[in-house]
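Please take these sequences and the hints and turn them into a complete structure.
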Amino acid sequence: MNEFEWFNKITCGGYHTLMLTNESRLYGFGSNTSFQIASQALTHSSLPIDITSQLSLLEGETIVDVDSGDYFNILLTSNGRILTWGSNFNGEMGIGTNISDQLVHDITGSFNIGESDSIIKIKAGDNYGIVITEEKRVFTWGFNGAGQLGDGTTTNRLSPVEITTAIPLNLGETIEVISTSHDFVHLVTSTGRIFVWGQNSNGYFGNGNTTSSLSPIIIEPNFELGVGEKINYISAAYEYVFAISSEYRVFVWGINYDSAFGVATPSSSNTPIEITEALSDYLNYPVIEIITGGRATTFISSAGTLATAGTSLYGQLGDTDTAILHTPKIYVTEVYDLLYESVIDHEFITFEGYVFDGWYCEVERILLSDYTTMPAKDIDLYGIYMKDES
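Letter by letter, the sequence shown follows residues 131 to 520 of my numbering.
Don't read these hints as lab results, they were simulated from the structure.
Heads up, a few of these hints could be off.
[To be verified] Result set (DSS-like, lysine-lysine): computed pairs, CA atoms no more than 30 Å apart in a straight line:
1. Lys139 with Lys253
2. Lys139 with Lys266
3. Lys251 with Lys139
4. Lys266 with Lys253
5. Lys266 with Lys251
6. Lys360 with Lys251
7. Lys253 with Lys360
8. Lys360 with Lys266
9. Lys360 with Lys139
[To be verified] Restraint-style ranges between C-beta atoms, simulated for each label pair:
10. Ser398 with Ser320: 27 to 33 Å
11. Leu301 with Ser376: 18 to 24 Å
12. Ser208 with Asp518: 44 to 50 Å
13. Asn300 with Leu172: 45 to 51 Å
14. Thr406 with Thr295: 50 to 56 Å
15. Ser186 with Ile403: 43 to 49 Å
16. Ser183 with Gly239: 19 to 25 Å
17. Glu404 with Thr341: 22 to 28 Å
18. Glu189 with Thr321: 35 to 41 Å
19. Asn132 with Ser186: 36 to 42 Å
20. Val485 with Ile229: 48 to 54 Å
21. Leu172 with Ile229: 18 to 24 Å
22. Gln170 with Thr227: 16 to 22 Å
By construction, the Cβ of each residue, glycine as well, lies at the ideal position given by its N, Cα and C atoms.
As structure tokens, then:
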């Protein structure tokens, strides 16, 4: 990477990670047992490798988005092409068979869309895929054992199938958010309507029951929202789901294993419960993003402050503690804007009760900054502070 390049998208699979840069280069590392990182020479890599050349992009074509399932990936290009690679045991690649190979496949022609339409959103579940087109058509493919494809069946689909008619949108309404889990899907529209389908055995739908559905159903009436308020963000983990409203109210439902809700009780709920006030004890700013893992949760506020909750058996919560956190642990961040060609001063201020952890290129604490002077484009460096537990 050069000094003017940075990562603007990171996506994690079961045992691999892909990172996309602002210059449309794609890096991968981790397991490659199913060709997840598109290397024909390696079984795994502990260091990021540039895999852009494996994609056979056309002249002038760039990468718009990429998303990872357990052992496969979906990529959207600026030409509207959809590329897939990795495991294909359940038809994840959407190529018409369930035979895996060490190739990157262009499946754009499988969607049967006209020249006036193009794919604008992609999302990978554990072993299935979803795309949305500009004309609001919805296609799914892959594993369907719990009805996560939303086509009314539990039949695996080796090629994309259209489920548009099962999601009746109103005039002017668009699909804004797709959130996938192991075997259920949440979809949020521009008007705040929420469609869900798939497995609901532990109340993942948030509609007050545990009845699963092979086709999309609407659940937003189960939120007690104010006039003009709507849900505009959803993040699903393996067995629980978070939502954020336009008024920055935070809701959660599902199974509360290891207090991943951010609160110790209840142990489960099949309807949304509000935890906004509980989180305000740890974050003094509205929560704008929630990153969910298996049983670990990271809350990100509008000021860049972080709080984590849930299990930290393997250090998932970002510290040396391996206990279960029944209440969130807070991380304080400070953001400074530095102009082009100015010298980056790596000095930091002190906060009583907190230990400085370093300067990072993003609030998620993934990539440490090694800049000495600002590159050609302005960037934000994040000074991360962890609560002193000594």
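Okay, the hints, checked on the actual structure:
no. : hint                           : verdict
1   : Lys139 with Lys253             : holds, 13 Å
2   : Lys139 with Lys266             : holds, 24 Å
3   : Lys251 with Lys139             : holds, 14 Å
4   : Lys266 with Lys253             : holds, 15 Å
5   : Lys266 with Lys251             : holds, 10 Å
6   : Lys360 with Lys251             : holds, 21 Å
7   : Lys253 with Lys360             : holds, 22 Å
8   : Lys360 with Lys266             : holds, 20 Å
9   : Lys360 with Lys139             : holds, 27 Å
10  : Ser398 with Ser320: 27 to 33 Å : holds, 31 Å
11  : Leu301 with Ser376: 18 to 24 Å : holds, 21 Å
12  : Ser208 with Asp518: 44 to 50 Å : holds, 46 Å
13  : Asn300 with Leu172: 45 to 51 Å : holds, 49 Å
14  : Thr406 with Thr295: 50 to 56 Å : violated, 36 Å
15  : Ser186 with Ile403: 43 to 49 Å : holds, 48 Å
16  : Ser183 with Gly239: 19 to 25 Å : holds, 23 Å
17  : Glu404 with Thr341: 22 to 28 Å : holds, 24 Å
18  : Glu189 with Thr321: 35 to 41 Å : holds, 40 Å
19  : Asn132 with Ser186: 36 to 42 Å : violated, 23 Å
20  : Val485 with Ile229: 48 to 54 Å : holds, 52 Å
21  : Leu172 with Ile229: 18 to 24 Å : holds, 22 Å
22  : Gln170 with Thr227: 16 to 22 Å : holds, 20 Å
Hints 14 and 19, counting from the list given before, are not met by this structure.
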